[in-house]
Amino acid sequence: MTRGVGRRSFLTGALLGAATAAAVPAGAAESQLADGPAPAVPFHGVNQAGIVSPLARQSAFLSFDVIAANRTELTDLLRTLTDRVRFLTGGGQPAPVGITGPPSDSGVLGASVPADGLMVTTGVGASLFDGRYGLADRKPARLTAMRMFPDDDLNPAWCHGDLLLQVAAPHNDTVLHAVRDLTRHTRGAMQVRWRLDGFTSPPRPSGTPRNLMGFKDGTANPSTSDTKLMNELIWAGKGGAFSQPGGEPAWTAGGSYHVVRLIRMLVEFWDRVSISEQENMFGRRRDSGAPLDGNHEFDPPDYPKDPVGTAIPLTAHIRMANPRTAKTDDNRILRHGYNYDLGMDSSGNLNQGLIFSCFQQDIQRQFEAIQTRLIGEPLVDYISPFGGGYFFALPGVHDSSDHFGRSMLG
Amino acid sequence: MPEAPTPDDGVRRWRPSRRQVVVTLVVLVVLGAVLIAVWPGGTAQQAAAPATITVSRSNCGQGWTGSSSGAQTLTLANRDSSNADADVVAVGGPNNGKVYGEVDGLGVNTSQPVQVTLGPGTYAIRCLIEDTDPIMGPTVRIGGHATHNATAVPFSNSDLLAPLKTYQAYLATGVADLVTKTDALDTAVKAGNLALARADWLPAHLTYETLGAAYSAFGDFDGQINGGTAGLPGGVNDPSFTGFHRVEYGLWHGENVASLATVTDQLDGFVHGLQAALPKIEPQTVDLGLRAHEIMENTLRFELTGRTDEGSGTSLATADANLVGDREVVGVLRPLLATRYPQLSDVDTWSQRFQALVEAQRGQDGTWTPVSQLTTATRERLTGTLSQLVELLAPIAAITEPRRVS
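So the protein sequences, as listed, match chains Y and Z. Take 1 as the starting number for the first sequence in this note's numbering and just add one per residue. Take 1001 as the starting number for the second sequence in this note's numbering and just add one per residue.
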């Protein structure tokens, strides 16, 4: 037999000191922090979770460059990603590895992984359909690289990407645990190009959550429970009252176009602007979220009654973004804004803003039409879009034998 | 000017050894386990209590009566008067001797759950009580059809002695080569031939970088011979900044010959000192497996970031040299790993990929692309490939950790 072997015996010796250390209870602090895990969001389905789902409190957006050597490795990547997301969103006991390796899980969520409402939404960028993987003829018809608008100040290091993961959950540790797990299992096949984490504020004091300019953001979203409307506005290749978005490859059924824009808010400058000017720029009251011609947050603005903009200026953000005319109804998008907070800039100002994320059926007809109307709006002096990208959120993973992108690669 | 040292840059010179860090963590973990066991309302009392299995000299394995196959939690309780380790081991059959789960460092009167997934077969608890020969508990039969978790037959210390001896011979040869090349560097500087000195610096430095000196393998010598500026209040002007990177700083920042000669003379002294001390620097068998990924962890952290570059722009040459040293470690372990690590061929694949990517950055004239000049796409391929390689190397440390078996 062998005795006194390296690390093992050394560790055993350390136990004596530990057993005599004093114990300190942590009950009071624990009860204040206790916040149980949320139930699992189903992973399998026609569509991915995280598209017509309610906003999550915490999120991370990670754009990757795929470095897989060939199409087989790309397929392996999407299979691995599927397996990990299936496990993480369902929760459970991480696989024991005995003495054959380091633990299979980081332990950040404890010994057993709670599902905790985790949603991981996978999208692909136009660059994945270049020559590398022989997918040029599979590109979704309306997928391009994100264009530069006149008010943008895009930094290439924060733009585009082959693959996007939107990771969302009620708790930040759940998001970070998933990010760590997903990157651990995919290192040789893709590397993070850019990443920004976001959060949704609680209602203050009620209604739609506020952005970091202090305004309620996302009040006028189309209803996700209206299946017909979702088919008209969100799901790729579906028809409806507005248009027939033909030309999509069959594999795209169940997917949706995903635009992510990283928008810095110049919050110190904003705080030096009078309240009436702020409210005229948005077209809503800051405190209540009501349109300037209404009393309550969800009162619809009545533009025909205000043709020259005495109540809501013609240049107000809500009026330019959504004029609420029959002609612009098919422009509507499903938007999920997340606030971000990223330390300071070199001028000593807070680096804060918005991860603007929206889903739609047709980027040109919807996001780009809206963004084109917004060119030169008064608000542009207080915000600066610096990154993001256009992606196609893949169809859902139907069952345990399916995987992300199977129909795209097949 | 190089950047000022920042706290998180770390340096091999001043970091606690990896083993010291591990000990501290284990103390905390064990303290946590003690708290859970004794604290009213703690986890141990709330959990639906599966059978507790005794670890002791007199009743090893008592309390385990078997179950059906599949995922299960076995709670091992030390009822002895000494600290213990314990393994869940297959007995007989094709998996005889394979370990399915282990508890390392189980204190007296503490218990610890271990997660295992057992397939059909016969198993036992092996109790490894301090200062006592291993004791096998009674054999337990598991029925059913589940697939067991990853498992391997552990290595004993003596299994690892031959690979260690081979590795030590590699080190001795490498250090002798290092001495010759460092002598040449010192001679060139003292002759005032700085062009030749630059040409001599790289091969001497790279020879050192093939020796796998990660994480204090050479004690204080590593800091003296190859330390960086992190942890040094004076940065590049700190008197404790010595060795290859100090020489590099001088050679690529127009330092005068007289002061450079002092530095290379000192370096040459350290290198000769290392050669003299080498017979007394005895790596432990446990170190071999750890080095397999530690060498390349350092490459990822210090070389692919350019952190240690003091002007020569040869971080990728260093990465290439580190890979040579890492392959030597994997190579000496290969005969042992062949039957125990199914992903060994993946290690080779990713090691070759990394080598090809790195060496593509060496120009016809032998110069290397500085890390700061890599395109995003090339940098991502390098970091992604090396990151995949360290993931694949990490299990080698766990598998080859020497364990008491008989």
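There could be a bad hint or two in this list.
Said to hold, decoys possible - Distance ranges between label pairs, derived from CB positions:
id : chain 1 : residue 1 : chain 2 : residue 2 : range
1  : Y       : 95        : Z       : 1252      : 47 to 55 Å
2  : Z       : 1133      : Y       : 398       : 50 to 58 Å
3  : Z       : 1094      : Y       : 224       : 40 to 48 Å
4  : Z       : 1306      : Y       : 69        : 20 to 28 Å
5  : Z       : 1094      : Y       : 180       : 33 to 41 Å
Claimed, not checked - Facing chain Z, from chain Y, some residues (calculated, C-beta under 8 Å):
id : residue
6  : 40
7  : 62
8  : 65
9  : 67
10 : 71
11 : 93
12 : 95
13 : 97
14 : 102
15 : 180
These are computed hints drawn from the structure, not numbers from a lab. Note that the structure is predicted; figures quoted are calculated from it, not measured. In this text, a Cβ means the ideal position worked out from N, Cα and C, and glycines have one as well.
Check each numbered hint from earlier against the structure, then list the numbers of those it violates in ascending order. 3, 6, 7, 10 and 15
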